[in-house]
Every structure is written in structure tokens, then in C-alpha cells.
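A.B. asks: Generate coordinates for the entire structure from the input sequences, incorporating the hints supplied.
In the order they appear, the protein sequences are chains A and B.
Take the first sequence: its position 185, counted from the start at 1, is 185 in my numbering, and no numbers get skipped.
Position in the second sequence (first residue = 1) + 1000 = my numbering.
These are computed hints drawn from the structure, not numbers from a lab.
Backbone N, C-alpha and C fix where the C-beta goes; we use that ideal spot for every residue, glycine too.
Hints may be right or wrong, so weigh each one.
[To be verified] With the Cβ distance kept under 8 Å, some of the chain B side facing chain A (calculated, not the full set):
(1) Gly1015
(2) Ile1070
(3) Ile1110
(4) Met1270
[Stated by the list, open to error] Far from chain A by the CB rule (all over 10 Å, computed), these chain B residues:
(5) Thr1049
(6) Trp1057
(7) Pro1179
[Said to hold, decoys possible] If you anchor each label on the Cβ, the simulated ranges turn out as follows:
(8) Phe112/A with Val1171/B: 42 to 48 Å
(9) Gly65/A with Leu1108/B: 21 to 27 Å
(10) Trp212/A with Ile1017/B: 36 to 42 Å
(11) Phe289/A with Arg1192/B: 53 to 59 Å
(12) Arg216/A with Arg1099/B: 54 to 60 Å
(13) Ile1010/B with Arg211/A: 17 to 23 Å
(14) Ile1017/B with Tyr224/A: 29 to 35 Å
(15) Arg15/A with Ile1074/B: 57 to 63 Å
(16) Ile1074/B with Ile66/A: 25 to 31 Å
(17) Gly65/A with Glu1163/B: 49 to 55 Å
(18) Gly1078/B with Glu61/A: 36 to 42 Å
(19) Ala67/A with Glu1068/B: 42 to 48 Å
(20) Leu215/A with Trp1048/B: 38 to 44 Å
(21) Arg216/A with Arg1008/B: 29 to 35 Å
Below, each chain spelled out in residue letters.
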Amino acid sequence: MATQGIAAALAPRGRWAEFLQRYLPYLLIAPALILLILVGVIPFAYAIYLSLHNTFFTDVESFAGIANYKDLVSDPRFWGALRVTTIVTVVAIPIQLVMALGLALLFYRGVFGGRVLSPLLLFPSVLAPIVMAIMWKIMLAGNWGILSYWVVERFSLVTGGVFGSPSPAIGTVIAIDIFQWVPFLTLAFYAGLQALPLAPFRAAAVDGASRWQVLRLLTIPMLYPLIAVLFLLRFIDTFKIFDSVFILTRGGPGDSTTTISYYLFRSVFEFWEIGRAAAAAVIVFVLFFVMTSIVYRVFHKRLRLI
Amino acid sequence: MIEDARPRKILRTLGLIAIVIAFVFPVYWLLSFSFKPERLFFDLPPVWTFDPIVTEWVNTFRTLKLWETIINSIIVAGGSTLLTILVGTPASYSLARLRVRGKTDIMLFIIASRMAPAVALIIPFFLIYQFLDLLDSHIGLIFAYSTFNMALYVWLLTVMTRELPADLEGVAEADGYHPFQVFLRIGLPLMRPSIIAVGVLAFIFAWNEFPFALLLGGRTTETLPVVAARSLSAGGVEWARLAVISTVMVIPVAVMVFFLHKQIVRGLSMGAVRG
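C.D. replies: What follows is the structure, encoded as C-alpha cells:
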């Protein structure tokens, strides 16, 4: 009863209480939405404005119409960056999802000490991408890095280091993304497997279904919502990959590892072509929303997100 | 699903251990470089055993004033987490528990705002901050970090709050409590564990953040990732120093993973997994 007294004392009264009662849901949401508009919508709108103007360093000069967009579309480096980003995304994500699902299935069949090992497994995935890149840089350095000595040189995989030529450099960026995310994805799939109902599996066992059939016809379809969510999340993050490129390759050799984020970075902070970079940013925004909503539509009903 | 013989289970456990070692080994290797005498770095084949020294730790803290960097990182990551919790918690409660028109649209707007590549946002941010004189300021970075943290936090906390039992709130409402009191006195305490879990995740993301800190920050706001990145530009790479800074960045994350790994798995999958 004491608490009720306090609560009563704190209770809003009169008109204010009525107003609060009526609009409370929106009043609670408002600050978050305002903040998101301030840091999301306004910068986006400003990027559109910038993309339609001529700029000189950070000064906005005359209206330029769609000149920046025209420049951009005829810039092979922009297309190259899109291509590199697409390659990284298209190669890295399926590989990491398949590897993680395989590992999760393996562990799901029973291991000792799974509890102790799972925090260890999560650990690499929450490391800063910067730290992950630095680790690999140390392991792949010169001829003395542990991986360059024991793997790259021993099997003469590449001459002149993995960052010396385009394909190995892209391959390494992809490998690092896979390496960072397989552990988390494995844990996510493992948790997903544990949450599946057992009855269908028992029924399948009674019917004498083979392991492969169970996997293809039961496990994977039942995991579909989870696969869709993880795919979407990984897609969003891999598409903006920047940190590891910055640390490891600086977009090189040539432009072979210049992802779209790195391209944007260079156009602003090296070439100071703000108008053109803003145009690229706008295109990337739009592209991103289109692709994400396509992915979203495809998985629509299956996404467990909302 | 299928019970399996013991020997196989042992084999699988060994496989799991091997994989865990493969994923964790690089962290050990990094750590070892921060204690390794520099002259052994380039030995062939790579050296495993050595007498650990702390010279580079002392040097890095002294010459780079690493404490100041650490404090910057704590201010920015902590401030961002605090801002996110203060602004995001009421929103999540409302979205999870109250009747809001256009709820799905709001949720979609929130998750959409997390999608944009940081570097694309940084272009307008840079000019706006230049105008507002917010470049190289802690508060500027803290605000900028909302671009990724606010969406993450509100989304996850909403999903997690929705799963909590609402009985108490119903009773309180029936007893004539004002909805605002219900939120403060019943909703908030109920949400506290989720707030901590999601808050920790927001902290980790802010702690690890690089592009905003690099491009909107400056001398007085340098965070650990920025200082690390700087140690490898120009005049050759300072490997030992890199290892020290990276290790410092790893420590708080390791502690948080140890205590909250299930919630973090859940968080990284935006709530799709129970962890």
C-alpha cells in the first residue's frame, strides 16, 4: 500500500494527465524519431542538395543540375568500386553462411563443453574490424608474418605478398570478412537449431528419412526465417565494408580493392570532389534501399524481424 | 535430433576445439606481439617462445599518451551509449507496449536508418559539422554515432520487451495507475536486464567504430581505432605499437563477451535468435 501512496503522489493530475494519457505513446517515441531524423534524414537531404551543386573544397558554389551525376556515371572508377563491392558481397556471404550452417549442424549433433566454448567462439566476431584487420596484417606481413611464412611462401601461393596483386588482395579482404563472421553465424545457427521443434524430426526418423533428406526438406526450410535475417544483416554490413580495406590495402593495388565506401572516402578526403561524392552517396543510398527492399520482399513473410 | 555414439561425440568435440583455436589464435598472436622483443619480430621461421617484455607497453602509453586516447574512447562510446539509452528506452517501451498508429512503418524507418554506409553519411555530416563547429568534438561524435546505435538499440529493445510478460502492467493499469507511472515504475524495472544487454552491445559498436571517428574527429578526440590506424601510415608500420593498441581495444570487449555472450549473439542477429 505504501508504494501505491508514492505512486499516487507522483501521478500526473488534471489536464496535463489527460494530455499525457492521450499522447504518451507518441511522446515516448518522439525524441528517438527526432534524433533519427536529425542524424539520418537531414544528412541524406543535404547530400541530395550537395549532389546538385558545384563545390570547391568545402564551399558550395553554383547550382549544377545533374552534372555531378553525369560525371559519376562516366567515371570507370565508380563502376569499378561497385564491381569490387559486389564481388566481395556475393562471394563472402554465401560462403560464410554455408560454413556456419555446416559447423552449427556438426555441433548440434552433440559436443562436450559447448557452453564453455561458445563465448570463445563469439569473441572474434565482436572484435573491432580494425583489430581484425591489424591481426591479419601482422600474420600476413612481409615474409615473416606467421601466415606468409608457413602458408603463403611454403606453398608458393603468390609472389610478392598477398597484397601485391589484385586477386589475392580481394581474396584476403573476403577471407577476413568470412573469418570474422563465421563464428557468430555458427552460434546464431546453433541457437536457431536448438529452438526448432523436435516432433518433425522424430516423424522423419520414424519414416526412415536419410540425413540428407532431413537436412534438405526439414532443417533448412525450418531455418529459413533465420537464414533470411542473417543474410540481410550480413548483406547490409558487407556492402559498406571500409575498415579492413583502409587498414590492409588502401584500395590497392591499383583500384582492385576499392570498395564503394573507400571510393567515397577518397573522393571526399583526397580529391575534395564533394559534389560528385555526394552524388555517389545518393546513388549508393538509393541502390541500398532498393536492394534491401528487394531482399526484404523476397523473404517478406519469412523474416522474423517485425 | 538424433542421439549419437560417444566416440563420435568426442571426435566432434575435438573438431570444435580445433575450430575455436583457429579463430582465437590470431588474438593470441596479436597479444604476443605486444610483449615480444622487437628484434624477434622478423625472425624466420616465426618465433613462438621468448621472454615477455613490457617495454612497448610503457613506450606506447608514454609517447602516444595512450591514456588520453583511452579516455576519448570511453567518453565517446560511453556518451553514445548513454544518449542511446536515454532516448531509445522510452521509444522501445512505447513501440512494444502501447498503441501506436503506424507502428510497422516506424519500425521499418528505424531499421532503414541503420542501413546507410557510414562513409556516405559522413559527407553531409562533415559539412554540417564544419558549419556548426562540431568537428573534432566529443559531442559531435556522440551524436553521429546515433546513426547506427539508435536504430540497433530501439529495434532490439522493442523485440526483447515485447517478449516480457505484461501482466503486471495490466494490473497496475486496472488499479488506476497513470500510463506514465506504469512505464516508470513497472515497465522500466522489467526492462532493466534487456536495457543492460542491448546497452552493452551499443557500447561495443561505438567502441569499435572507425570511419566517423577518423573523419569527423581530430587531435582532441582521437579514439583508439584512429590512433591504431595512424600507427601504420607513413614511415613504416610500428608493429609492436599496433599490437599494444589493439590489445587495449580487445580487453573491454573480451570482458563483455565473457559475461553477456548469449545476449550479444541475440543482439547481433537483431533479435532473430534467442542466443
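A.B. asks: Would you mind marking each hint as holding or not holding in the structure?
C.D. replies: Each hint tested on the structure:
1. Gly1015: Given a least distance of 7 Å, the restraint on Gly1015/B holds.
2. Ile1070: violated, 14 Å
3. Ile1110: holds, 7 Å
4. Met1270: Met1270/B check passes; min Cβ-Cβ to chain A is 6 Å, inside 8 Å.
5. Thr1049: Correct as stated: the minimum Cβ-Cβ distance to chain A is 14 Å, above 10 Å.
6. Trp1057: holds, 16 Å
7. Pro1179: violated, 5 Å
8. Phe112/A with Val1171/B: 42 to 48 Å: holds, 45 Å
9. Gly65/A with Leu1108/B: 21 to 27 Å: With a Cβ separation near 32 Å, Gly65/A and Leu1108/B fall outside 21 to 27 Å, so the hint is violated.
10. Trp212/A with Ile1017/B: 36 to 42 Å: The hint (36 to 42 Å, Cβ to Cβ) is violated, given that Trp212/A and Ile1017/B are roughly 27 Å apart.
11. Phe289/A with Arg1192/B: 53 to 59 Å: violated, 35 Å
12. Arg216/A with Arg1099/B: 54 to 60 Å: At roughly 43 Å between Cβ atoms, Arg1099/B and Arg216/A fall outside 54 to 60 Å, so the hint is violated.
13. Ile1010/B with Arg211/A: 17 to 23 Å: Holds, since Ile1010/B and Arg211/A (Cβ atoms, about 20 Å apart) stay within the stated range.
14. Ile1017/B with Tyr224/A: 29 to 35 Å: Because 31 Å falls inside the window, the suggested range holds.
15. Arg15/A with Ile1074/B: 57 to 63 Å: This hint is violated: roughly 44 Å between Cβ atoms.
16. Ile1074/B with Ile66/A: 25 to 31 Å: violated, 45 Å
17. Gly65/A with Glu1163/B: 49 to 55 Å: holds, 51 Å
18. Gly1078/B with Glu61/A: 36 to 42 Å: holds, 40 Å
19. Ala67/A with Glu1068/B: 42 to 48 Å: Since the Cβ atoms of Ala67/A and Glu1068/B sit about 45 Å apart, the hinted range of 42 to 48 Å holds.
20. Leu215/A with Trp1048/B: 38 to 44 Å: holds, 41 Å
21. Arg216/A with Arg1008/B: 29 to 35 Å: About 22 Å separates the Cβ atoms of Arg216/A and Arg1008/B, which means 29 to 35 Å is violated.
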